[in-house]
Structures are given as C-alpha cells and as structure tokens.
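Chemist: Here is how the chains run, residue by residue.
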Amino acid sequence: MSAQIAPPGTGQERKELDRVVIRFAGDSGDGMQMTGDRFTSVSAFLGNDLSTLPDFPAEIRAPAGTLAGVSAFQIHFSDHDILTPGDQPGVLVAMNPAALKANLKDLLPGGLLIVNEDAFDKRNLEKVGYTTNPLDGGSLEGFQVTRIHMTKMTIAAVKDSTLNKKEAERSKNMLALGVICWMYGRPLEPTIAWLEKKFSKKPEIANATIAALKAGHAFGETAELAAYSVKPATLAPGTYRRITGNQAIAFGLIAASVQSKVPLLLGSYPITPASDILHELSRYKNFGVRTIQAEDEIAAISMAIGASFSGHLGVTTTSGPGLDLKSEALGLAVSLELPLLVIDIQRGGPSTGLPTKTEQSDLLHAMYGRHGESPLPIVASYSPPSCFWAAIEGARLALKYMTPVIILSDGYLANGAEPWRIPAVEKLPEIPVRFASQPNVGEDFWPYLRDETTLARPWAIPGTPGLEHRIGGLEKADGSGNISYDPDNHNLMTLLRQAKIKAIEEDIDPLEWDGDDDARVLVLGWGSTYGAIGAACRRLRLRGLKVARAHLKHLNPFPKNTGELLSRFDEVIIPEMNMGQLSKLIRAEFLIDVISINQVKGLPFRAGDLEAEIEEHL
Amino acid sequence: MSELGQPEDPTIERGITEGPGGVSTLTRQDFMSDQEVRWCAGCGDYAILAAVQSVLPGLGIPREKFVFVSGIGCSSRFPYYMNTYGIHSIHGRAPAFATGIATARPDLNVWVVTGDGDGLSIGGNHLIHALRRNVNLKILLFNNQIYGLTKGQYSPTSERGKVTKSTPFGSLETPFNPVSLALAAEATFVARTYDVERKHLPEILRRAAAHRGSAFIEIYQNCNIFNDGAFVALTGKGRSGNRVYLEHGKPIVFGPDNSKGVRMKKDGALEVVNVADAGLDQIMVHDEHHESQSLAYALSRLSSGPTMPTPLGVFREVEKPVYGDGIERQLRMAAEQQGPGDLSKLLNSGDTWTVD
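Those protein sequence lines, which keep their order, are chains A and B.
Each residue of the first sequence is one higher than the one before, counting from 1 in the numbering used here.
Each residue of the second sequence is one higher than the one before, counting from 1 in the numbering used here.
Treat the hints with care, since some could be wrong.
Some, not all, of what chain A presents toward chain B, calculated at C-beta under 10 angstroms [what the hints assert, rightly or not]:
id	residue
1	188
2	238
3	258
4	368
5	423
6	428
7	432
8	472
9	617
10	618
Pair by pair, the computed Cβ-Cβ distance ranges are [claimed, not checked]:
id	chain 1	residue 1	chain 2	residue 2	range
11	B	287	A	364	56 to 64 angstroms
12	B	232	A	434	34 to 42 angstroms
13	B	169	A	451	51 to 59 angstroms
14	B	30	A	475	36 to 44 angstroms
15	B	121	A	373	49 to 57 angstroms
16	B	166	A	368	25 to 33 angstroms
17	B	121	A	475	21 to 29 angstroms
18	B	186	A	368	35 to 43 angstroms
19	A	438	B	160	51 to 59 angstroms
20	B	319	A	434	35 to 43 angstroms
Don't read these hints as lab results, they were simulated from the structure.
Since the structure is predicted, the reported quantities are computational estimates derived from the model, not experimental observations.
Ideal Cβ placement from N, Cα and C applies to all residues, glycine included.
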C-alpha cells in the first residue's frame with residue numbers, strides 16, 4: 001500500500017505510480033458521488049483498471065455539516081488488474097470538517113490530504129466537536145496537507161454568471177475534481193462534454209460547473225501541486241465499459257429475454273439498494289420489457305408470477321425486508337413450478353438495518369426462508385460485471401427447470417463499478433424455451449407430467465387451445481396436477497421437487513480453485529468477498545506462503561465436486577460478511593469443520609485484514 | 001420475441017379474437033371442469049358458478065383466452081371448477097397475480113374471484129390498487145359477511161355486534177361497504193347483485209365482461225353454514241320491497257308498484273320517500289356515466305346493510321384509460337422511436353474504450 005505514497009513529480013515530469021486509492025468525502029449535498037463517478041469515468045477512459053466503493057448515508061440530506069451527513073466515494077485505479085476498491089486511501093479529499101473527522105482514520109500515514117479550508121469555520125467545526133481547527137494544530141502532521149479555498153475560488157470562477165452565491169458555491173465539487181484531475185494527469189474534456197450534456201437545458205449551471213472544473217485544474221498547475229501519473233492497465237483485448245452491479249443485472253435480464261425469446265416483466269417495489277434495476281429496466285421498453293411499480297413487495301412478486309404463468313419471464317427485485325415479504329409468494333412459485341427470478345440486493349439487517357450498506361446475511365433466508373420443504377436454486381454474483389452473468393444464469397435455470405431462482409447480490413456490488421469487457425452477443429448462451437402446444441395424455445393435458453431428464457413440468461400458456469388447466473398452492477397429484485391430499489402423493493411430490501433442484505448440480509460449472517498445489521489451506525468464499533479474498537491470497541502468496549482459494553457462484557445446489565474439493569485441504573477458511581451462514585451450510589452438507597471469518601460492518605472486507613486473519617491459520 | 005414483446009409462439013394470437021370458428025358453439029358444459037365441486041350443499045357459490053358458466057359461452061371469446069385467478073377462501077376454489085386457464089393463488093393477492101397476467105397479455109380475458117375476507121381484509125391493498133390502475137380485470141367479490149373456510153370468524157363486512165367464534169361478545173368493528181370502497185378507489189365499473197338472482201346476476205356479469213378496465217361486482221352470497229340468512233331481508237321470497245334496482249336514465253324507484261323513491265336532501269345525503277308524496281320529478285334519476293362518482297357514492301350509502309332498501313345493479317360505469325393499453329402504447333412508441341431492441345448496441349452503450 002505504501003507504493004501509493006511517493007515523492008511527487010511536477011507538471012513537466014510526473015511521478016509514475018502503479019496504483020492509487022482516492023476517497024472523495026463531503027456533505028450529502030456536496031455531490032461527492034457525482035465527483036467520484038466522473039473521476040472513475042475519466043480513469044476508465046484512460047484505460048486504468050479500477051474498482052469503486054460508494055459509501056453514503058440512508059438519509060437523503062442529513063443536516064449539513066454533521067457526521068451523519070457525510071457521503072464518500074472511493075476509487076482504486078491502477079496500471080495492473082486489481083480486485084478491490086482498496087483498503088485505505090492514499091488520498092483523501094475532505095470538503096468539510098465532518099468529512100475530515102469521519103475519514104481521517106482511514107488515510108494512510110503520509111497520505112495526501114486535500115481540504116476545502118473555507119468550510120473549516122467555527123460553526124462547522126463545532127458541529128462535529130472540534131474545539132480547535134485541526135488544520136492549524138499539529139494533529140495532521142503525519143499527512144501531506146494541501147489547503148485550498150475551494151468555496152471562494154469557485155465563487156470567483158463563476159462570478160460572471162447570473163447564479164447567486166449559494167448556487168455558485170455548489171460547483172465546488174467540480175473545482176475539487178479539477179484539482180485531482182491535474183494531480184493525476186486526467187484530461188478534462190470527457191467531463192466537460194458530460195457536463196454540457198447533463199445540463200444542456202440549464203446552460204448557466206453547465207457553464208458554472210465547467211468554469212469551476214477548469215479553475216481547479218489551473219490551480220493545481222499554478223500552485224505546482226504534486227503531480228503523478230498512472231499508466232493504462234494491460235487488460236485483455238476487447239471493448240470495455242464501466243458497469244455497476246445493478247446496471248449489469250438489468251443488462252443481463254434483457255440479454256436473457258433476447259436469448260430465450262421470452263419477454264420480460266418486472267414487478268418491483270422501490271427499495272434501497274435495488275431500485276436502480278427498476279429504473280434501468282424501465283428505460284428499455286423497445287426490448288418489450290414491461291415494468292410495474294407495484295403497491296408493495298408482495299404485489300411485485302405476485303405480478304411477476306402472473307406474468308410467468310402467461311408466458312413471460314417474471315422478475316422481481318428487492319432487498320432484505322422485501323425478501324421477507326415475498327416469502328409466501330415465493331413458496332407458491334415453488335409449488336406452481338413456474339420460472340421466476342427473485343433478485344435480492346442484500347443490505348445490513350435485521351429489520352431496516354443499514355439500508356445503504358452492504359452485507360451477505362440473506363443466504364440462509366434464501367435457502368430456508370419459506371415454510372414447508374421449499375427448495376430452489378440460488379445463484380450469487382461476485383463482482384459488479386458478474387451480475388450480468390448471474391442474471392443470465394438465473395434465467396437459464398429458471399426457464400429450463402421451471403423453478404423460481406434467487407439471485408443474491410449486495411449493496412457493494414450493486415453500486416460499485418468496474419471495467420467490463422463487453423461480451424459478443426453471438427457468444428452469449430442460447431436459452432431454448434418451448435411452450436407446450438399439444439395434449440400430453442391422450443386428449444388431456446397434464447400440467448405436472450414431467451420431463452424425464454430435467455423433471456421440469458411443461459409450460460402451457462393461456463391462449464393455447466386444448467391445454468386449459470388450473471394450478472394452485474394446494475398439493476397437486478403427480479402428473480395430473482389435480483388437488484390431492486393423499487399422504488404418499490405429498491411425499492412423492494416433495495421428493496420430486498427436491499430431486500429436480502438437486503439434479504441441477506449436473507448442469508452447472510464445477511467449483512474451480514487456484515493457488516498452490518501443495519497448499520494445506522483453502523479459502524472459500526461466495527458473493528462480493530471475491531475481490532478481497534483474491535487480493536489477500538495474492539499478497540500471501542507473493543510473500544511465499546502457501547494458500548489456495550475457491551469461490552462459489554452457485555449456492556444451491558452446490559457444484560457437484562464441492563465436497564471432494566474441500567476435503568483435499570486440511571483447513572477450509574470461509575470469510576463472510578455475516579455470522580457464518582455459508583459455514584453452516586458447508587458443515588451441514590459435507591461434515592467439514594470450517595473456520596469462519598466474520599465481519600458485519602456494512603463495508604466490504606479489507607484485503608489487508610483478511611491477509612492477517614488467514615495468515616494465522618497457515 | 002415479437003416486436004412488442006409477446007411470447008413468440010404459433011398458438012398465441014394477439015388481441016381479442018371475436019367469434020372465430022367454433023367459438024359460437026361453446027356451451028355451459030365446455031366451461032365445466034372435470035373436478036368435483038366441493039362447496040357445502042346449499043352454498044350460494046353454486047349459483048354464481050352456474051351463472052358464470054352460462055354467461056361465458058355467449059361472449060364470443062375463445063375458451064383458451066379466459067383466465068380465472070383467485071386467492072384463498074371458499075370462493076377462491078372457483079377456478080378449479082372452470083375449464084379455463086386458472087390460478088388458485090395465495091390469500092388476498094389475486095388482484096396482483098391478475099395484474100401481472102393482464103399486463104403481460106392484454107389479449108387475455110382475466111377474471112378475479114375473491115371474498116370479503118380475501119379481498120377486503122388480507123388483500124385490501126391489492127384490490128384498491130388494481131381498481132385505481134384500471135387493469136382490465138373482472139373482479140367478483142363474493143360477500144357472505146363471514147369467514148367460512150376457517151369456520152366462522154367475523155369478516156370486514158360483518159355487522160357491528162356480530163357474535164362469532166372470535167367475537168363471543170360481539171364485533172366492535174365498523175364494516176366496509178364494498179361498493180363505497182370500490183368507488184373511492186377510482187373503480188370505473190361498480191355493481192352489486194346477489195347469488196340467487198337468476199336474471200340480474202348474469203346480466204351484470206355480461207355488463208362487466210363488456211367493460212374495458214377494472215369491473216368490480218359485489219355479489220351478496222349466502223353462507224348457509226356460518227351466516228345463514230344474512231341477506232334474507234333483501235333476497236328472500238316476498239322480500240322484494242328492499243330491492244332498489246338501478247337503471248341508467250330512469251328514476252330510482254322501488255317497492256310495491258314502485259311507490260318508493262330515492263331523493264337527494266339539501267345536505268347531499270339521500271333519503272327514501274313516497275313517490276306519491278314527493279312527486280316523481282323529485283326522484284333522483286340514475287346516471288351510471290356521471291363524471292364524478294359522488295352520486296354513485298351517495299347511492300352506495302343509502303343502506304348500511306341488506307336489511308334496508310339496498311341498491312342493486314350498476315352504480316357506475318365510465319371509460320378511463322386502461323392500464324395494459326397504456327403499457328402497450330409505451331412499448332409501441334419506444335419501438336417506433338428507438339427502433340426494436342438491439343442487444344449489442346445496448347451492451348456497447350455509454351462510454352466505451354478498446355484495448356488492443
């Protein structure tokens with residue numbers, strides 16, 4: 001990490017770094033997410049590898065200047081492939097005392113601290129309990145502090161506009177961005193073009209933000225601030241774009257619809273951090289995507305199931321509290337054996353918990369959160385781009401096996417962005433779907449007469465003459481689907497539903513692992529810990545320690561080789577952002593006494609922390 | 001997938017097919033499933049089932065286009081007895097399932113069967129939102145003012161003071177008036193009828209079927225096991241005096257020789273008067289299509305229960321934009337303006353860069 005801290009070069013001769021972690025921090029209203037997003041965009045444009053971590057409060061506008069209102073955006077960018085948004089920033093941009101107080105503890109010793117000193121007035125200092133101005137005392141001696149009059153300079157830069165002082169001040173985030181762009185050798189043009197487009201109907205704002213951006217850049221140059229460069233990363237050849245997890249899920253769903261030729265209907269109720277999938281899908285009506293903002297979570301899944309009954313791919317998106325509410329309808333979908341995708345963007349719980357923070361604590365809920373024996377496949381994404389794969393894979397399983405599927409993502413994957421090598425459409429998997437068109441027992445149609453291979457029942461959709469049938473939540477007779485209270489039939493149907501899901505293990509990729517052949521310890525993960533575990537293991541191996549790692553993308557059923565692979569190692573360590581939910585499943589399924597590493601802070605693991613914890617067991 | 005995102009299947013035709021070959025020959029038997037009907041002997045549900053099965057063949061719609069959706073309760077077994085497509089779903093949620101079906105497939109004719117507990121208690125939210133959206137659904141609410149399938153607890157339409165298993169000292173709750181509720185929820189078609197009305201019930205069903213948008217029918221239905229005779233003061237033999245039949249454009253009169261009439265008081269409330277005393281010109285003329293639902297609402301408040309003069313028939317029928325039609329229009333417009341979806345173009349949208 002110390003590689004981030006280096007003696008700076010000058011504008012003429014920039015000091016080259018292999019990677020940098022910058023955190024932008026300010027008030028919720030300061031536009032830190034937009035600032036970070038723009039810096040990310042321009043870094044992607046330059047060809048850096050990158051990973052981002054937006055971290056913002058649940059309140060839309062907490063009282064200005066308070067610790068509760070601090071919003072931050074961290075970006076890790078590099079000249080090589082990286083796996084995480086970085087443990088600790090080497091650069092902290094603090095727009096006010098609250099942002100400084102909330103984030104200083106994370107800044108690397110010797111790191112660059114860039115502050116808006118105009119915001120360090122008596123009132124703002126008092127709001128966060130500073131009795132003296134930390135910029136003046138010796139408390140920041142361990143850092144390289146750059147004080148900038150961001151507010152005053154912004155007002156001066158936009159003095160020719162008709163904006164009043166308060167409106168003018170709002171462009172100070174662009175001034176900060178201009179400064180950072182100069183320091184790291186990023187061009188302004190992409191940001192200027194973006195601002196012109198975004199504020200095309202408000203030219204005054206467009207002009208003000210661009211003026212502030214340029215003023216920041218010019219200040220960096222004139223004041224001869226530290227100047228660095230980070231070369232492009234050597235990524236695999238192809239066309240790239242930046243993508244967040246939620247955007248990738250939306251694209252994946254549309255791709256699944258195109259590949260299967262089954263139209264998509266999303267029923268969704270707004271909930272953080274899943275709402276962006278609803279927003280995104282609502283835009284693509286030219287793909288035949290129907291979206292309904294339902295009256296509640298239960299209606300949302302019910303509408304999706306109704307659509308699936310009618311021959312569409314029904315999808316519902318939610319987060320923990322919504323998954324609770326959907327449980328009964330999800331059980332019905334298991335009983336109806338209809339294709340359905342339930343996408344759960346996990347967040348801190350229980351109850352309302354931490355709406356904007358990440359966690360992996362819905363795994364057992366996804367597995368067991370329904371009454372009765374109610375098995376269904378679970379697929380988990382593990383990086384923002386992999387959400388695209390997870391949506392397609394979930395749809396493939398749902399349509400092929402006529403079953404609801406839960407896709408688990410989380411708040412970090414949902415909002416975090418990474419470069420994504422755009423796949424060629426021709427290389428996407430085919431998802432063949434055939435609707436029933438003929439009676440299957442003489443002149444009758446039996447809705448529960450299963451395919452011998454997949455155990456899937458036929459999908460006969462309304463409008464098909466001669467296949468009229470009724471299905472419901474009451475237990476059905478094997479084959480005919482008529483109501484049946486027969487004890488042996490219930491036993492048989494329970495076994496069939498279980499066998500159908502279990503057999504999917506034959507149809508999914510085996511669990512892969514990498515690392516040292518003679519490693520005695522395997523680190524097993526699932527979901528968004530992928531990057532942190534990968535980075536921790538990489539560091540351990542660079543230090544000559546032996547370790548192996550594997551990452552589960554299917555949580556139910558597990559890949560067929562899971563038990564065999566785990567038993568090859570003396571120790572299996574499972575880091576999770578919960579209290580050990582995968583550990584419980586692995587112990588129960590394979591009788592392997594795994595070691596759990598648990599963290600529930602609403603933030604991803606730091607690779608450095610994992611490195612230390614794993615090392616204790618090597 | 002077709003341009004508008006309909007399932008691509010030869011068996012699916014878009015749009016409502018009016019009377020193709022064979023349809024006109026459909027009979028009541030064609031809509032009877034092979035399942036044994038398992039309601040209690042004497043239940044009002046039998047009459048409603050028979051009425052629906054007798055009305056559907058005459059609508060000129062192919063059988064495979066009908067979908068019956070229900071929740072949980074005695075009435076919700078209804079789909080099993082219809083030889084159409086159907087879902088027996090979960091408690092209270094039928095309007096939401098039906099919304100999904102009707103939105104995905106505007107070519108289908110979707111009916112919801114629910115009860116006073118299913119539709120007004122556990123599922124009240126879905127009912128009002130389906131009505132508000134004006135989804136193309138026909139909603140039949142069987143109101144027997146009791147929970148039957150759970151064996152006799154009071155329901156949200158049970159009268160105050162009702163003694164049931166769960167209210168041994170009498171219910172303390174004010175009941176819902178389903179017609180008032182539907183009107184307040186912006187329903188575009190609201191009607192009331194009762195189970196054993198051999199002519200009126202089928203006629204109201206036909207009117208609902210012809211309405212595009214949400215059609216809500218409250219059907220008074222006798223539960224002869226747990227709440228027998230709840231409507232006898234209205235529906236019993238020789239008790240026609242309480243039945244106020246609504247007819248569009250006609251004065252609202254009822255009783256022996258239409259001697260009673262409904263008049264609006266100065267405060268806007270309605271009252272029952274002797275037509276002879278008040279004069280026919282003072283009697284309210286029924287207007288189903290009035291822009292405001294205020295008059296229909298006032299009519300719905302005429303009685304607080306079936307023991308008083310109770311309006312039957314169509315309270316309100318107005319044309320409003322239908323939810324599914326609006327969705328189809330947006331899909332069509334998007335395809336016209338942006339061109340049909342191009343996946344490669346979508347994935348490559350936004351800022352991209354190439355690594356050689």
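Chemist: Each hint needs a verdict: does it hold in this structure or not?
Modeler: A quick look at each hint next to the structure:
1. The restraint placing residue 188 of chain A at the interface with chain B is violated, with a minimum CB-CB distance near 15 angstroms, outside the 10 angstroms limit.
2. With a cut of 10 angstroms, the hint placing residue 238 of chain A at the interface with chain B holds, because the nearest CB-to-CB distance is about 6 angstroms.
3. Annotation: interface hint on residue 258 of chain A holds; nearest CB of chain B at approximately 5 angstroms, less than 10 angstroms.
4. For residue 368 of chain A, the shortest C-beta to C-beta distance to chain B is roughly 19 angstroms, which exceeds 10 angstroms, and the interface hint is violated.
5. Hint on residue 423 of chain A holds. Least Cβ distance to chain B is approximately 7 angstroms, under the 10 angstroms limit.
6. Interface restraint check for residue 428 of chain A: the shortest CB-CB distance to chain B comes to about 8 angstroms, inside 10 angstroms, so the restraint holds.
7. For residue 432 of chain A, the interface hint is violated, since its Cβ never comes within 10 angstroms of a Cβ in chain B; the closest pair sits about 12 angstroms apart.
8. Taking 10 angstroms as the C-beta cut-off, the interface hint given for residue 472 of chain A holds, the closest approach to chain B being about 3 angstroms.
9. Given hint, residue 617 of chain A at the interface with chain B, is violated; its Cβ is 38 angstroms from that chain's nearest Cβ, farther than 10 angstroms.
10. Taking 10 angstroms as the C-beta cut-off, the interface hint given for residue 618 of chain A is violated, the closest approach to chain B being about 36 angstroms.
11. The hinted window of 56 to 64 angstroms between residue 287 of chain B and residue 364 of chain A holds, with their beta carbons roughly 59 angstroms apart.
12. Checking the proposed 34 to 42 angstroms range against residue 232 of chain B and residue 434 of chain A shows it is violated: the Cβ atoms sit about 54 angstroms from each other.
13. Range check, residue 169 of chain B to residue 451 of chain A: about 57 angstroms between beta-carbon atoms, so the 51 to 59 angstroms window is met.
14. Checking the proposed 36 to 44 angstroms range against residue 30 of chain B and residue 475 of chain A shows it is violated: the Cβ atoms sit about 28 angstroms from each other.
15. Distance hint check for residue 121 of chain B and residue 373 of chain A: the Cβ-Cβ separation is about 29 angstroms, which falls outside the suggested range of 49 to 57 angstroms.
16. Between residue 166 of chain B and residue 368 of chain A the CB atoms are about 32 angstroms apart, so this pair conforms to the stated range of 25 to 33 angstroms.
17. Our hint of 21 to 29 angstroms for residue 121 of chain B and residue 475 of chain A holds, since their Cβ atoms are close to 25 angstroms apart.
18. Under the hint 35 to 43 angstroms, the C-beta atoms of residue 186 of chain B and residue 368 of chain A, about 41 angstroms apart, fit the expected range.
19. For the hinted restraint 51 to 59 angstroms between residue 438 of chain A and residue 160 of chain B, the CB-CB distance of approximately 56 angstroms keeps it satisfied.
20. At roughly 40 angstroms, the beta carbons of residue 319 of chain B and residue 434 of chain A sit within the given window of 35 to 43 angstroms.
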